[in-house]
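> So you can see what is in the structure, the chains are spelled out below.
Number of protein chains: 2
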Amino acid sequence: MAVYTDVSDDELRAFMAAYDLGEVISCKGIAEGVENSNFLLRTERGTFILTLYEKRVAPADLPFFIALMEHLAREGIPCPTPVRARDGEALRQLCGRPAAIVTFLDGMWPRRIQPFHCAGVGGALARFHAAGASFGMTRPNDLSVAGWRRLFEACRARADEVKPGLAEELGAELERLERNWPSDLPRGVIHADLFPDNVFFRGEQVSGLIDFYFACTDFLAYDIAICLNAWCFEPDGAFNVTKARLLLGAYRAVRPLGAAELDALPLFARGSALRFLLTRLYDWLNQPEGALVRPKDPLEYLKKLRFHRDIAGPGAYGL
Amino acid sequence: MAVYTDVSDDELRAFMAAYDLGEVISCKGIAEGVENSNFLLRTERGTFILTLYEKRVAPADLPFFIALMEHLAREGIPCPTPVRARDGEALRQLCGRPAAIVTFLDGMWPRRIQPFHCAGVGGALARFHAAGASFGMTRPNDLSVAGWRRLFEACRARADEVKPGLAEELGAELERLERNWPSDLPRGVIHADLFPDNVFFRGEQVSGLIDFYFACTDFLAYDIAICLNAWCFEPDGAFNVTKARLLLGAYRAVRPLGAAELDALPLFARGSALRFLLTRLYDWLNQPEGALVRPKDPLEYLKKLRFHRDIAGPGAYGL
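Heads up: the protein sequence lines correspond to chains G and F, in order.
Position 200, counted from 1, in the first sequence is what this note's numbering calls 290; the numbers after and before it change by one each time, with no gaps.
Position 138, counted from 1, in the second sequence is what this note's numbering calls 228; the numbers after and before it change by one each time, with no gaps.
Keep in mind that the hints were calculated from the coordinates and are not lab data.
C-beta atoms are modelled at their ideal positions from N, C-alpha and C, and glycine is treated no differently.
Some hints here could point you the wrong way.
[To be verified] Counterexamples of contact, computed for chain G against chain F with all Cβ distances above 12 Å:
| id | residue |
| --- | --- |
| 1 | A150 |
| 2 | D232 |
| 3 | G405 |
[Said to hold, decoys possible] Each pair of labels, with its calculated beta carbon distance range:
| id | chain 1 | residue 1 | chain 2 | residue 2 | range |
| --- | --- | --- | --- | --- | --- |
| 4 | F | R239 | G | D232 | 55 to 63 Å |
| 5 | G | A328 | F | Q183 | 28 to 36 Å |
| 6 | G | K386 | F | R384 | 15 to 23 Å |
| 7 | F | R239 | G | E243 | 52 to 60 Å |
| 8 | G | D177 | F | D353 | 51 to 59 Å |
| 9 | F | G237 | G | E258 | 55 to 63 Å |
| 10 | G | D96 | F | Q295 | 20 to 28 Å |
[Stated by the list, open to error] Simulated coverage check for chain F against chain G, where a stretch passes if three residues somewhere in it have a Cβ under 8 Å from a Cβ of chain G:
| id | stretch |
| --- | --- |
| 11 | 108-117 |
| 12 | 275-281 |
My request is simple: use the sequences and hints to build the entire structure.
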């Protein structure tokens with residue numbers, strides 16, 4: 091749940107004067123997304139999303155994100171397309187924050203994941219990776235293996251408040267991942283946060299991918315591992331191998347995976363689990379006074395981490 | 091900011107099967123309203139608002155609210171019109187809560203009130219009162235003078251935590267209001283909560299009135315007094331007599347006010363100020379652990395109460 095900034099009708103009118111979108115018919119804050127303020131904007135020309143970038147998105151990264159969405163849209167990926175103002179600029183200022191208008195995407199994100207959703211996201215991820223191959227910009231992944239030790243150290247002293255023994259377990263895992271992390275697999279633009287609330291469906295078809303504000307340049311197979319964690323575990327913590335098989339099968343039907351990528355999947359899945367565990371743990375231990383967003387449970391990702399640590403190989407994913 | 095209940099795509103599909111609204115295209119929680127969960131719903135047939143009634147709305151009152159909106163819409167008041175399902179029922183169940191779909195209204199509510207807004211709301215309130223005259227149902231106002239003592243007693247012991255001397259000042263005011271409250275003025279359906287966030291404008295015209303969930307049967311002039319408090323004070327606490335004159339003038343152009351109603355305005359304005367002061371004070375003193383909604387400042391209404399207490403008569407409103 092978000093909307094951190096309230097946009098007044100006066101400020102909005104002044105902002106919209108730079109665009110060719112006609113009169114504003116309505117503008118309502120959306121209770122989704124936790125990083126930015128999002129508004130559903132209806133004008134005489136159609137329906138759009140207005141985003142104000144709040145402090146967790148670095149302004150220096152915004153040109154990368156905007157250019158990526160423009161590139162993906164040109165390549166036929168169903169994603170929000172930035173709308174340029176009359177002066178050609180898509181990235182502007184509103185209420186003292188960077189702001190952009192993007193096209194509205196039909197569809198709803200799935201609350202209860204069914205197997206067909208996993209096939210849908212697998213195919214969509216592969217098409218996204220393929221489309222990204224011709225994108226010219228790069229952005230390092232601050233939240234990959236090189237960034238985890240800093241996060242871990244920031245949580246280490248208090249990790250056991252959440253679960254006794256957690257600091258030791260995470261420290262050992264981090265060491266293993268740092269030692270074994272590969273360096274020579276296919277790289278490209280990854281979404282890096284393709285959770286169910288970022289994938290819209292109409293019926294059984296993917297109708298949109300959203301929220302590219304963690305996108306960066308990294309191993310493509312690591313992006314798959316993020317999706318295995320986000321889409322293939324049941325609410326009770328059980329790994330659903332049918333969903334994993336569908337996700338991976340749909341991905342490979344679009345973009346084949348090499349043997350080295352397949353072999354790396356369990357390690358990437360452990361790494362991805364540690365990444366979300368650490369950021370959730372940090373947020374859990376550092377809840378701001380009066381916060382309007384409840385932090386997510388970090389221990390959900392400890393269970394996922396242990397699952398991937400204990401399997402024999404990528405065959406456990408139904409391959 | 092609201093949305094207390096998350097509606098899954100599966101639950102929504104099952105719910106929508108009772109309606110003739112076509113396929114759901116999207117459904118997004120709106121970060122407005124603090125009493126209910128509201129979703130902006132797009133279907134093949136248009137744009138609607140889906141409301142789930144949360145615990146602060148008594149289910150027994152819902153037929154009154156739904157019938158009122160239907161009545162007002164028939165009378166030409168721009169307000170949400172309940173959409174009936176194929177079986178003729180507008181009030182249904184979703185996620186274990188009462189739920190209804192209403193039509194979407196264009197417009198934005200004004201964040202910075204300008205004089206023309208006050209003229210707009212005055213006229214709209216009078217048309218609402220006139221349209222309500224032919225509405226057959228009644229609902230007592232639990233939050234009028236008879237309900238304030240209970241609220242006051244629930245806050246009395248801790249009121250001075252908010253401001254020293256507050257309990258004594260409110261107790262004396264309450265006694266005066268109880269003693270002097272009139273009994274023989276024109277009554278009818280009042281909105282009872284016509285704050286700026288419940289009035290939409292397109293340009294300088296009112297395009298919609300929303301949120302009828304405090305509507306009840308009471309003195310019509312009391313509803314005007316609520317609007318004087320909600321629309322005619324500046325952010326610095328100053329009373330803007332130009333705004334009051336415009337609000338009252340536009341009201342009287344549609345529905346003339348009798349001398350007794352005019353004379354009662356300052357008392358009603360004091361009462362209305364006490365009503366919002368008390369409910370805000372109660373919410374301030376009883377914030378639930380981990381609440382997602384920040385309570386409003388009760389003392390804003392103490393300043394308003396004192397203004398109306400200290401004026402010589404309704405002439406202070408620019409009459």
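> State for each hint whether it applies.
Hints versus structure:
For A150/G, the non-interface assignment is confirmed: its Cβ lies about 28 Å from the closest Cβ of chain F, beyond the 12 Å cut-off. Every C-beta of chain F lies more than 12 Å from that of D232/G, the closest at about 29 Å, which supports listing it as non-interface. Distance check on G405/G: its Cβ is at least 32 Å (rounded) from any Cβ of chain F, clearing the 12 Å threshold; non-interface status holds. About 59 Å separates the C-beta atoms of R239/F and D232/G, a value consistent with the hinted range of 55 to 63 Å.
The given range of 28 to 36 Å is respected by A328/G and Q183/F, whose C-beta atoms sit roughly 31 Å from each other. At about 22 Å, the beta-carbon gap between K386/G and R384/F stays in the expected band of 15 to 23 Å. Against the hinted window of 52 to 60 Å, the Cβ-Cβ separation of R239/F and E243/G comes to about 58 Å, which satisfies the hint. About 58 Å separates the C-beta atoms of D177/G and D353/F, a value consistent with the hinted range of 51 to 59 Å.
At roughly 58 Å, the beta-carbon separation of G237/F and E258/G lies within the given 55 to 63 Å, and the hint holds. Between D96/G and Q295/F the CB atoms are about 23 Å apart, so this pair conforms to the stated range of 20 to 28 Å. Check result for the stretch 108-117 of chain F against chain G: holds, 5 residues qualifying (beta carbon to beta carbon below 8 Å, three or more required). Counting residues of the stretch 275-281 of chain F whose C-beta sits closer than 8 Å to any C-beta of chain G gives 0, which falls short of three, so the coverage hint is violated.
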